[in-house]
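> Put together the whole structure using the sequences plus the hints.
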Amino acid sequence: MLKRKDLLSITELAPDEITTILDTAESLTQVMTRDIKKVPALRGKTVINLFVEPSTRTRTSFELAAKRLSADIVNITSSASSLAKGEGLLDMAKNLEAMRADLIVLRHPAAGAPHLLAKALRTGVINAGDGAHEHPTQALLDLFTIRERKKTLSGLRVLLVGDILHSRVARSDMHALRKMGAQVTLVGPATMIPRGIEPWGVQVEYDFDKALDRGEQKPDVIIMLRLQLERQEKAFIPSIREYSKLFGLTMARLRRAAPDVLVMHPGPMNRGIEISPDVADSLSSVILDQVTNGVAVRMALLYLLMGGKGNESSLSRRKDD
Amino acid sequence: MLKRKDLLSITELAPDEITTILDTAESLTQVMTRDIKKVPALRGKTVINLFVEPSTRTRTSFELAAKRLSADIVNITSSASSLAKGEGLLDMAKNLEAMRADLIVLRHPAAGAPHLLAKALRTGVINAGDGAHEHPTQALLDLFTIRERKKTLSGLRVLLVGDILHSRVARSDMHALRKMGAQVTLVGPATMIPRGIEPWGVQVEYDFDKALDRGEQKPDVIIMLRLQLERQEKAFIPSIREYSKLFGLTMARLRRAAPDVLVMHPGPMNRGIEISPDVADSLSSVILDQVTNGVAVRMALLYLLMGGKGNESSLSRRKDD
Amino acid sequence: MLKRKDLLSITELAPDEITTILDTAESLTQVMTRDIKKVPALRGKTVINLFVEPSTRTRTSFELAAKRLSADIVNITSSASSLAKGEGLLDMAKNLEAMRADLIVLRHPAAGAPHLLAKALRTGVINAGDGAHEHPTQALLDLFTIRERKKTLSGLRVLLVGDILHSRVARSDMHALRKMGAQVTLVGPATMIPRGIEPWGVQVEYDFDKALDRGEQKPDVIIMLRLQLERQEKAFIPSIREYSKLFGLTMARLRRAAPDVLVMHPGPMNRGIEISPDVADSLSSVILDQVTNGVAVRMALLYLLMGGKGNESSLSRRKDD
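Chains as they are written, first to last, in the working numbering: chain U, 1 to 321; chain S, 1 to 321; chain X, 1 to 321.
Read the hints as simulated data drawn from the structure, not as lab findings.
Quick caveat, the model's predicted, so the values are computed rather than measured.
Treat each hint with caution, since some may be false.
Note that the list lumps identical chains together, so a pair holds whenever it fits in one copy or between two copies.
Claimed, not checked - Cut-off 27 Å, straight-line C-alpha distance, at most; resulting in silico cross-link-like pairs (DSSO-like, lysine-lysine):
#, residue 1, residue 2
1, K37, K119
2, K37, K5
3, K150, K234
4, K218, K150
5, K151, K37
6, K119, K5
7, K179, K3
8, K150, K5
Structure representation (structure tokens):
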């Protein structure tokens with residue numbers, strides 16, 4: 001079981017905590033293949049999806065995770081500007097705690113917002129993405145997806161390709177993969193890779209083709225990042241076409257990698273920009289597995305942070321047993 | 001049971017499939033009159049209400065239908081423009097399938113959108129209105145409401161009055177009524193009736209009063225369509241007042257019909273435009289019955305497309321039995 | 001049990017009805033402290049949260065209240081303008097009744113809107129705030145919070161401070177406190193206190209400091225009202241800073257009151273305007289208790305209006321008993 005009430009960042013997790021989360025998620029994947037995809041583990045618990053930044057996919061993933069564990073879940077969507085009027089995020093969260101919420105899932109445009117809540121509340125907090133800081137549940141589902149296919153994480157060579165600088169997914173993935181013993185190479189234009197990042201134990205490569213094709217060091221996993229299309233206007237890249245040509249994953253590039261390479265993407269994809277449609281739908285792609293595993297990993301986190309009391313049998317028990 | 005995973009249009013349904021749906025809905029109307037309006041038939045199933053066009057009533061009807069069958073339901077509302085950014089409808093739907101959704105209820109401004117999803121997914125799809133194309137669940141609840149009152153559909157004379165050209169309700173009603181043996185007369189201004197529609201086996205009449213009063217051929221049912229008020233600006237009608245005078249159902253017109261005529265409207269009504277308030281609230285009106293029956297018909301469809309395995313007893317079983 | 005289907009205003013409630021509601025809420029507070037915060041009392045019942053004016057807190061409070069009683073709840077948010085188009089509020093509500101809603105929780109910008117629905121429907125209606133008219137569930141949770149701490153309501157001296165004129169909370173609180181035998185003093189600038197209000201049995205005081213410090217008549221409870229910040233533009237107050245100086249509750253003012261005074265606020269607070277942060281978070285503050293009690297009071301109302309059939313044991317029964 002986890003000895004914490006919150007999941008705020010990958011950096012705070014010990015490798016054995018990560019393994020506990022992945023193992024619990026693995027046992028929960030069975031629930032989702034049943035005819036009745038529901039267990040009573042969190043009945044009577046209250047989860048709040050507090051999304052101060054829009055997200056259909058992550059919100060839906062948490063909502064389904066909660067419902068399949070029989071928790072009650074309430075969705076609150078708000079804009080940061082309306083939260084700023086009069087009552088701030090913290091007062092809102094204290095109100096939710098007063099209503100006896102057991103866990104708040106927070107997405108917020110400001111880095112550190114989930115930490116602020118976690119410190120002030122007894123209620124648990126899960127970071128569902130805070131600014132350009134972290135997106136730890138995405139990193140955990142990425143680890144799960146890689147482990148499911150490659151059986152291990154240790155020693156694997158993983159490319160993280162694209163806008164590393166602005167990506168909370170990249171940040172969380174990088175920390176998570178390093179903790180579990182994988183080798184990480186960041187690939188992207190120089191304007192989009194933070195300077196002085198090598199001390200974090202990662203390699204940097206500005207040429208995608210070189211990164212793909214280093215003799216015996218071929219990558220086991222390629223994680224493509226979404227290009228925020230407004231970056232062009234802000235002069236991080238000369239043009240989307242140029243970016244796509246240099247850093248897009250095409251079939252030609254995929255063929256240079258090992259035949260058993262995994263292609264991943266956190267979604268939503270810009271098909272034809274950072275990833276070509278044929279690659280996205282190829283046999284190497286595990287992009288939809290990531291989505292499926294996302295529900296299982298989030299079920300595991302809800303369970304471990306709220307309900308887990310050493311009684312794991314309640315996880316696989318059917319509702320009517 | 002239905003041998004299909006989707007309900008996309010009335011045109012694809014055989015008359016005996018329609019009868020199965022209506023019969024199942026009839027048995028489900030009992031559930032709604034109980035003190036505990038809930039059966040466990042779809043427990044553990046996941047339904048997604050994916051509304052890419054706003055609709056409070058249809059969305060609520062499907063949500064209640066799912067909840068009363070104990071399914072989990074997640075609402076996703078989106079604008080077509082935001083769906084267009086980067087990730088299209090199909091990628092979104094594939095994500096929902098990957099999250100193990102059992103059924104997607106889709107409303108979309110583009111005709112054919114539900115068919116696109118249905119072809120690409122193993123997950124079932126219900127068309128909750130696609131552009132000006134079809135709104136099959138509305139047609140089924142209309143059939144149900146007529147059959148409930150008239151005991152049969154065959155041989156009935158039904159007027160469909162208003163903007164036939166732009167109405168998905170009219171299109172679905174027309175096909176549904178013809179399949180079940182009713183005679184259909186389309187009534188409206190010439191600008192609002194598609195040319196060359198007679199080969200579909202329907203009659204066309206541009207004079208509402210004549211259609212109401214043809215001796216022994218008096219109509220059994222009058223279905224009034226909602227006038228999209230922006231049509232005037234687009235020059236389909238000279239003025240709303242003129243439209244209302246010629247094609248509005250008033251008490252004076254209602255008296256020319258048979259005393260047992262049924263007045264129907266898919267809602268939301270423009271009271272005082274296509275239907276006068278006294279007609280809407282008259283004893284001839286079954287407009288609110290349509291709403292009640294809508295929930296039962298949607299429960300039937302959810303059940304038949306997802307859960308129906310020949311074990312109909314689970315439908316009427318109370319949750320605690 | 002209550003012999004009514006609606007809760008529209010405090011003025012319509014008899015003191016013994018209020019006592020029934022508070023006593024029921026008291027027994028329900030236990031449910032919220034359990035590990036499984038859920039009872040089956042309203043299983044199979046349908047509640048609609050119809051919010052024609054935005055409100056995260058009140059909507060969430062009702063949603064949690066319904067879920068913890070195992071009712072199904074559907075959220076509908078709408079703007080008054082979109083409701084006005086074609087189909088009015090009443091047609092919408094009749095549709096919800098036709099879908100077999102058992103209770104509609106309505107927030108609406110127009111005073112009297114809930115009364116209009118209640119008169120036209122067999123379905124029950126709870127007023128969750130109508131214009132500047134009433135907010136009865138807020139008043140009931142305020143009574144509950146005071147009674148919980150002071151053991152009685154009769155004879156207490158309560159200050160209601162701020163914009164009395166535009167506040168539905170003030171109106172409902174005033175009536176509720178008077179009915180239960182408390183003495184009420186309205187405190188605020190002359191522009192924000194309705195003229196000729198004394199016949200309602202309340203005192204008026206334009207000087208906050210005087211009201212705090214009347215020798216043996218020190219207040220037992222101070223209820224601070226939220227300042228609508230746009231009031232300044234409408235010339236009700238000279239400036240927010242001036243308002244805050246004269247009518248803000250600071251630590252200096254709090255010290256002039258009795259040591260066991262209760263500080264309340266309906267939320268959301270403008271910290272630093274009508275209440276200073278240290279007062280809001282002081283030991284005298286029961287502001288978060290109000291939020292907790294709000295869920296219990298709303299559970300009591302849902303139960304008494306819908307499910308209460310003399311069988312109170314179902315309230316404390318656990319779901320699996």
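> Now tell me if each hint is right for this structure.
Comparing the hints with the structure gives:
1. In this assembly of identical chains, K37 and K119 lie within 27 Å of each other by CA distance solely across copies; the values are 24 Å between and 34 Å within a copy.
2. When the C-alpha separation of K37 and K5 is checked against a cutoff of 27 Å, the pair qualifies both within a copy, at 26 Å, and between copies, at 19 Å.
3. In this assembly of identical chains, K150 and K234 lie within 27 Å of each other by CA distance neither inside one copy nor across copies; the values are 38 Å within and 60 Å between.
4. In this assembly of identical chains, K218 and K150 lie within 27 Å of each other by CA distance solely inside one copy; the values are 15 Å within and 73 Å between copies.
5. Within a single copy, K151 and K37 get their C-alpha atoms as close as 26 Å, which meets the 27 Å cut-off; across copies the closest is 40 Å, which misses it.
6. In this assembly of identical chains, K119 and K5 lie within 27 Å of each other by CA distance solely inside one copy; the values are 10 Å within and 44 Å between copies.
7. Taking the shortest Cα distances, K179 and K3 sit within 27 Å of each other inside one copy (19 Å), while across copies they are farther apart (50 Å).
8. For the identical chains of this complex, K150 and K5 are neighbours neither inside a copy (31 Å) nor across copies (35 Å), given an alpha-carbon limit of 27 Å.
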